[in-house]
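Protein sequence lines, in the order shown, are assigned to chains A and B. In terms of our numbering, the first sequence has 163 at position 94, counting the first letter as 1, and numbering is strictly consecutive. In terms of our numbering, the second sequence has 51 at position 46, counting the first letter as 1, and numbering is strictly consecutive.
Think of the hints as simulated: they come from the structure by calculation, not from any bench. C-beta atoms are modelled at their ideal positions from N, C-alpha and C, and glycine is treated no differently. All clues stand as given, with none of them false.
Per label pair, the in silico range of CB-to-CB distance:
1) A:Ala147 x B:Lys76: 39 to 49 angstroms
2) B:Pro75 x A:Thr89: 37 to 47 angstroms
3) B:Lys62 x A:Glu84: 42 to 52 angstroms
4) A:Glu124 x B:Lys19: 50 to 60 angstroms
5) B:Ile17 x A:His126: 40 to 50 angstroms
6) B:Gln22 x A:Ser164: 33 to 43 angstroms
7) B:Gly8 x A:Arg129: 20 to 30 angstroms
Partial selection, computed: residues in chain B whose CB lies under 8 angstroms from chain A:
8) Gly103
9) Asn104
10) Gln107
11) Gly110
12) Asp111
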Amino acid sequence: SQQGEEDPQALSIQEGENATMNCSYKTSINNLQWYRQNSGRGLVHLILIRSNEREKHSGRLRVTLDTSKKSSSLLITASRAADTASYFCATDDSSASKIIFGSGTRLSIRP
Amino acid sequence: DTGVSQNPRHKITKRGQNVTFRCDPISEHNRLYWYRQTLGQGPEFLTYFQNEAQLEKSRLLSDRFSAERPKGSFSTLEIQRTEQGDSAMYLCASSSTGNQPQHFGDGTRLSIL
Numbered sequence: 070s071q072q073g074e075e076d077p078q079a080l081s082i083q084e085g086e087n088a089t090m091n092c093s094y095k096t097s098i099n100n101l102q103w104y105r106q107n108s109g110r111g112l113v114h115l116i117l118i119r120s121n122e123r124e125k126h127s128g129r130l131r132v133t134l135d136t137s138k139k140s141s142s143l144l145i146t147a148s149r150a151a152d153t154a155s156y157f158c159a160t161d162d163s164s165a166s167k168i169i170f171g172s173g174t175r176l177s178i179r180p
Numbered sequence: 006d007t008g009v010s011q012n013p014r015h016k017i018t019k020r021g022q023n024v025t026f027r028c029d030p031i032s033e034h035n036r037l038y039w040y041r042q043t044l045g046q047g048p049e050f051l052t053y054f055q056n057e058a059q060l061e062k063s064r065l066l067s068d069r070f071s072a073e074r075p076k077g078s079f080s081t082l083e084i085q086r087t088e089q090g091d092s093a094m095y096l097c098a099s100s101s102t103g104n105q106p107q108h109f110g111d112g113t114r115l116s117i118l
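All chains should be built: construct the whole structure from the sequences, respecting the hints.
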């Protein structure tokens, strides 16, 4: 079963615009992670945010976490063609032994 | 910097055949995970190892699936008597501990004819 669900399922924006993806989850977590996957490749870790953190930045990425709403958002600023990929959120399960991925947001950047 | 390596990258086989995939994790990582991913979906957890011990298996892992990590280094995932529904991308990942980010290989794409 999937813990996190991303919204929207697909997003197409113009190069240079900002992209926002959301993730909702069901049970309490220790941390939440975002990963990127280019077509035909493995996943690449982007950022990890712990349950006691509200916001985290890494380069053009900004992640927020609202544990009261059980939701997270990933903002990519000044998008580039190379940002075209699928983005997944992942939350640890109740035993914190593994992470569970959502179904992802497919981001397309138009030149 | 050697990342996670998976072989083969692609495997095409006939229904009913056995297949085996190999994963070489980052050398200092204790944790090794296997996932299955179908088109348009996120990776689904199959199983994970802490060193050589297989600590958890998903209900997705039927009796036809077996995974090993004999010396706590590389791992193999074997599927016996393959079925059409086994067609997917099989991903391997490793991490130093359970709370650390996972590093993924590029996967093995399995196609069942």
